[in-house]
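Sequences and hints are given; from them, build the entire structure.
Here the protein sequences come in this chain order: V and A. Take the first sequence: its letter number 341 is residue 341 in the working numbering, and every next letter is one higher. Take the second sequence: its letter number 324 is residue 1324 in the working numbering, and every next letter is one higher.
Among the hints, a few may not be true.
What the hints assert, rightly or not - Some chain A residues judged to face chain V by a derived CB distance under 8 Å, without partners named: (1) Leu-1358; (2) Thr-1359; (3) Ala-1376.
Claimed, not checked - Cross-link-like lysine-lysine pairs, in silico, DSS-like; alpha carbons within 30 Å at most: (4) A/Lys-1514 / A/Lys-1626; (5) A/Lys-1116 / V/Lys-626; (6) V/Lys-610 / V/Lys-40; (7) V/Lys-626 / A/Lys-1514; (8) V/Lys-27 / V/Lys-40; (9) V/Lys-187 / V/Lys-626; (10) V/Lys-343 / A/Lys-1343; (11) V/Lys-518 / A/Lys-1626; (12) V/Lys-187 / A/Lys-1518; (13) A/Lys-1343 / V/Lys-626; (14) V/Lys-27 / V/Lys-116; (15) A/Lys-1187 / V/Lys-626; (16) A/Lys-1626 / V/Lys-343; (17) V/Lys-610 / V/Lys-626; (18) A/Lys-1514 / V/Lys-610.
Claimed, not checked - Simulated coverage check for chain A against chain V, where a stretch passes if three residues somewhere in it have a Cβ under 8 Å from a Cβ of chain V: (19) 1461-1475; (20) 1490-1503.
Quick caveat, the hints were computed from the structure, so don't treat them as lab data. Every value quoted in this text rests on a predicted model; they were computed, and no experiment measured them. C-beta: ideal position from N, C-alpha, C; glycine also.
Number of protein chains: 2
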Amino acid sequence: MDWAILTPISAVISILAGGYLFYQVQKSPTGTKEAARVSKAINEGANAYLGVLYTALVVVAVILSIVLVLVFRDIWMAVAYILGAMSSAVAGYVGMQVALMANAKSATAAQHGLSKAFPVAFSAGGVMGMSVVGLAVLGMGVIYLIFRDPQIVLGFSFGATSFALLAKAGGGIYTKTADIGADLVGKVELSLPEDDPRNPAVIADNVGDNVGDVAGMGGDIFDSYVASVVAVMILGTSLIAKNPATYTLSYVIAPLIFAAAGIIASVVGMLFVRGSEGQNPTKALNMGTYVTCVAFALLALGIVFLLDLNVAVFWATVAGLLAGIIIGITTDYYTSIDQRAAKHTAEVSQTGPAINILTGFSYGLLSIVPPILGMAAATVIAFYVSQGMGMDGMYGISIAAVGMLSISGMVVSSDAYGPIVDNAQGVAEMAGMDEEVIRVCAQMDAAGNTAKAITKGFAISAAGLTALALFAAYAETVNLVNLDLLSPIVIAGVFIGAMMPPIFSAMTILSVGKNANKMIEEIRRQVREIPGLLEGTADPDYASCVRIASQGALWELVGPGVLAFLAPLAVGFLLGPAALGGFLAGSIFVGVVFGLFMANSGGLWDNAKKYIEDGALGGPGSEEHKAAVVGDTVGDPFKDTAGPSINTLLTVVALIATVFAPVINEYALPVVFGWF
Amino acid sequence: MDWAILTPISAVISILAGGYLFYQVQKSPTGTKEAARVSKAINEGANAYLGVLYTALVVVAVILSIVLVLVFRDIWMAVAYILGAMSSAVAGYVGMQVALMANAKSATAAQHGLSKAFPVAFSAGGVMGMSVVGLAVLGMGVIYLIFRDPQIVLGFSFGATSFALLAKAGGGIYTKTADIGADLVGKVELSLPEDDPRNPAVIADNVGDNVGDVAGMGGDIFDSYVASVVAVMILGTSLIAKNPATYTLSYVIAPLIFAAAGIIASVVGMLFVRGSEGQNPTKALNMGTYVTCVAFALLALGIVFLLDLNVAVFWATVAGLLAGIIIGITTDYYTSIDQRAAKHTAEVSQTGPAINILTGFSYGLLSIVPPILGMAAATVIAFYVSQGMGMDGMYGISIAAVGMLSISGMVVSSDAYGPIVDNAQGVAEMAGMDEEVIRVCAQMDAAGNTAKAITKGFAISAAGLTALALFAAYAETVNLVNLDLLSPIVIAGVFIGAMMPPIFSAMTILSVGKNANKMIEEIRRQVREIPGLLEGTADPDYASCVRIASQGALWELVGPGVLAFLAPLAVGFLLGPAALGGFLAGSIFVGVVFGLFMANSGGLWDNAKKYIEDGALGGPGSEEHKAAVVGDTVGDPFKDTAGPSINTLLTVVALIATVFAPVINEYALPVVFGWF
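Printed below as a string of structure tokens:
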């Protein structure tokens, strides 16, 4: 039997589950007219952003499709590319729409308590989770069933990564432009509270939460998810070619089936997520994740026997899964409001913003230790267990990446829940709901922040392992038997690759600063020119703030985007395949360090500030609080722009190398002229 | 003829030149009683610090000597180790004493204008420069002449690196403890100006400048200088063993002779450093550096013919020298007060400290590009030119490191000039000298800041290239034919090595924060308990502030120090020689990124603040200025503690690996049990 047929079936299950959740959300009432009005404003703002984003995507997709057709003299790679870009864009669109619909509904449901509100918000997140994995598996499954060629599936992955770069890095610039603009003028200059409707940037800010954490994170995980599966398919194909006696076609379709099983496991896990009065929603979300892991592990064992795979595949999968869990737990430790790191960072704010920043920066650097050790252990264990059991070690490492990403359905659902409840709180405040409703929303929001922090650690580690898997696939494609760190051209490649994450981070952070400045000027202009704005008698022009944030974000992305696409090609063609291998390795090692440290420092500063806002030390408005706000503002682009964009950067450069590997291997200058 | 005999001769020339400069400084008058009093207080504080530092050194040296004797069952390695630690400690001591002597003398000479003051300050810096290179070359030369064994010289290098770690990282913690403590209470809480004698931490702060930039930087460059020479000697020895027909003993002694030539070139260069009225002292210092480079290149060419070396040695040396110059120029661009990066960082301070920090952080990340490209180019060029001309490529890379470091005599002289003029300004202000004198001192100080910034970029790049050379020597010692980045154990090693610089940075920065807090409490206590202190009628207790900074700094160093020594041994013995190779590579790549970015961001924030203090934007006391002060305070431990300590970290881990390589190669668990 051709088990690959299971993939579209599970994809359909996923889409049906998403449809059911969508229906659950939709039937929940939107509530007061006031709430609907606020929700509508956010909705319009978000759709304005999506218009700009999709226009940018079309431009990029057209250019890259033409490049693919010209380079490969074949149309199907380009078609798969467009499908990949479209699928991940559609997943982002669906997720955004339901998230936008759910914010007012969650706030309204919160009037009847946590046990009513939580399912609405989580179901809405679940729609995003199911869309991401469903459309990813559907696309890969169908393309594979038609062409039976992993290279074409690679085109699909390349499409997904193009959208991810725009949605994640562009969204990251957008969201922090709006956030910093709204905070610096609104909170600091005008002394307005958070989410005050008189702040012209407030809608842009609320849109930003969805943009970064729904569309962006969804696109990002879609990207890693697909790339890890494709990397294993490529390695599997090459194993069959080398050793047809040992390896069967099952090794090629295995990652697809694992992804399909991950969908089922995520659906099962989501059934266990139940909010109840007086219980911390974080516990409910964690329960869902643990159940998903266990369910997936059981399914994985079944698949190994069903497809007659080496049992090492199972152990490698479990190694990846465990590394994912370790990373989640440690991220929580370093960023949680209840732990020492956040409290200490809050305490040192007594000596001003500088020490707050230095402390959060340092804890962020220390926070990389457990996840990196986890990744290193997963790599070593997956490799040697595989080798010890008679299977190719590199295949083991790659399948570990698939194992880690198999629970993506559940992870994205929890993550997308975050901005929904964040927005719900915003709607409740702007619509003037009761204190008690706001309290319930705040409780859901705190759990959402933890979920978002865990997802960030998960996403960067998953991207790191996926990039390693692609690195292996690249090496296989260009027939690199070894990649010698004692060779100067490899050393040069690693050095250049090592610069990529810092440069990319710097460019996106500078973009946020530049764009936020424009936003600040616009807010000041509105306050100056619109009479009655501060008194609440006249409405601000929300749309112009959204426009500035959207257009600026995507324009600013041209530089970093071009860099991400051209740097690996330049290294490959000018310095050759070995240097490009070094380049990938350098970008992965430094990227993982920067991605983890930036995400965690940012989360830590945020929670140190919240710790003070909850009444510790001087409480809100104190000097400590002001210092902590500076730290939080520094952390904003760390955790929401630069840090998470690095995930996408890693897969982008690795995919470009892998996609263009056959051409580089033939036409690179050192190959043509016999250098090095 | 045995050309190695040239090395003690040039060392003696260096020491004579140092003695002459010392005499020049000494005969210059100390000036007013008030100036002598301030100078004496700084002197006492510095000697108190040195007492603690040398006690710590003795403890470390005793422990490590015993370890060396036990491990190698031979006393001479340990003897060389002690000599190395002592020589670099003596160089640091001499440099400190003359710097301390010169501060009041420079301030006094400034009463007669720049052309009188500059030679005093630069001569004092020159004593340090000549001591460093003289004692380094003397030690290496004599040990080599006696034992004719590079392994024993390696012991000398290991001793130098032990001192460097204590002096650089400990000094870095000390200096920023004092600086931040003095600023946060003195400037912010009490509104005292910089260098006000009523501030109890003012002496500790002035001592700190000498501690970090004289003893620390001297120890650091001594360390890299010796290590690069030893790495080449080891590679040369192994080349002779493998291919006695091509390589002669000249390839082993070549780096020693180059170092000797570097001394002569530096003396020549120093003759060209002349201050004249109305001329920017930076020009004079740069002129000295350029003359040194040209003189060295000519001497190098002569040596190649004298020793009958492959001409590739000359080209590799020049590649290293050029990379050093590129790095100096670009560092200047990214940190200079006249350039866009610093001005832009100052301008964005209008929106508060957060954007100032984000901007400086981003420019710091971008600033790594030119030096890393320079290092990569030097590596590739040195290797392939050597190989193309029939010489071993790795030997070429290592000799490039020696080439870069050959101008150390001149570089250290300029660098040590920095804290001397910084202190001179302090003395002038505390002793109540004329406005005009303070202006001359400020002018000299600005040039000193540039020199210090250039040296930092130079030092980290030199440390990076040196670590690469040691990495090659390590690979040679453990017979690593290649180090495959596709092997999981190497990947794991790189991952673990990549964490070292971030962890080390985080630990030292947290130490600064912790220690600065103690200092702040002590200052507040004195203000509270000493009547008349703020009115200037009673003297503060300077000594207790010095004590807190000194003892805290060295205690705080226990954690990072133990980490630096044990991590490579743990990786080597538990995961094997290949993983340790990966570990070294990971620490070098990430270390260079972090070292450069931290040093440059720090320098940039400092100059952005100075730009505002010079009257731009709101000028001193404005909101912009306050925001820029926060950035500067964040940058302080970046540029003076964590960033420069990474240099030492890189050589420490690489030297430990190389020193213990024979033992690891025999007793590592994977070797013993045949794993991997």
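Structure-based check of each hint:
no.	hint	result
1	Leu-1358	5 Å, holds
2	Thr-1359	6 Å, holds
3	Ala-1376	4 Å, holds
4	A/Lys-1514 / A/Lys-1626	23 Å, holds
5	A/Lys-1116 / V/Lys-626	49 Å, violated
6	V/Lys-610 / V/Lys-40	29 Å, holds
7	V/Lys-626 / A/Lys-1514	21 Å, holds
8	V/Lys-27 / V/Lys-40	17 Å, holds
9	V/Lys-187 / V/Lys-626	11 Å, holds
10	V/Lys-343 / A/Lys-1343	35 Å, violated
11	V/Lys-518 / A/Lys-1626	23 Å, holds
12	V/Lys-187 / A/Lys-1518	33 Å, violated
13	A/Lys-1343 / V/Lys-626	26 Å, holds
14	V/Lys-27 / V/Lys-116	13 Å, holds
15	A/Lys-1187 / V/Lys-626	19 Å, holds
16	A/Lys-1626 / V/Lys-343	26 Å, holds
17	V/Lys-610 / V/Lys-626	12 Å, holds
18	A/Lys-1514 / V/Lys-610	23 Å, holds
19	1461-1475	holds (count 3)
20	1490-1503	holds (count 10)
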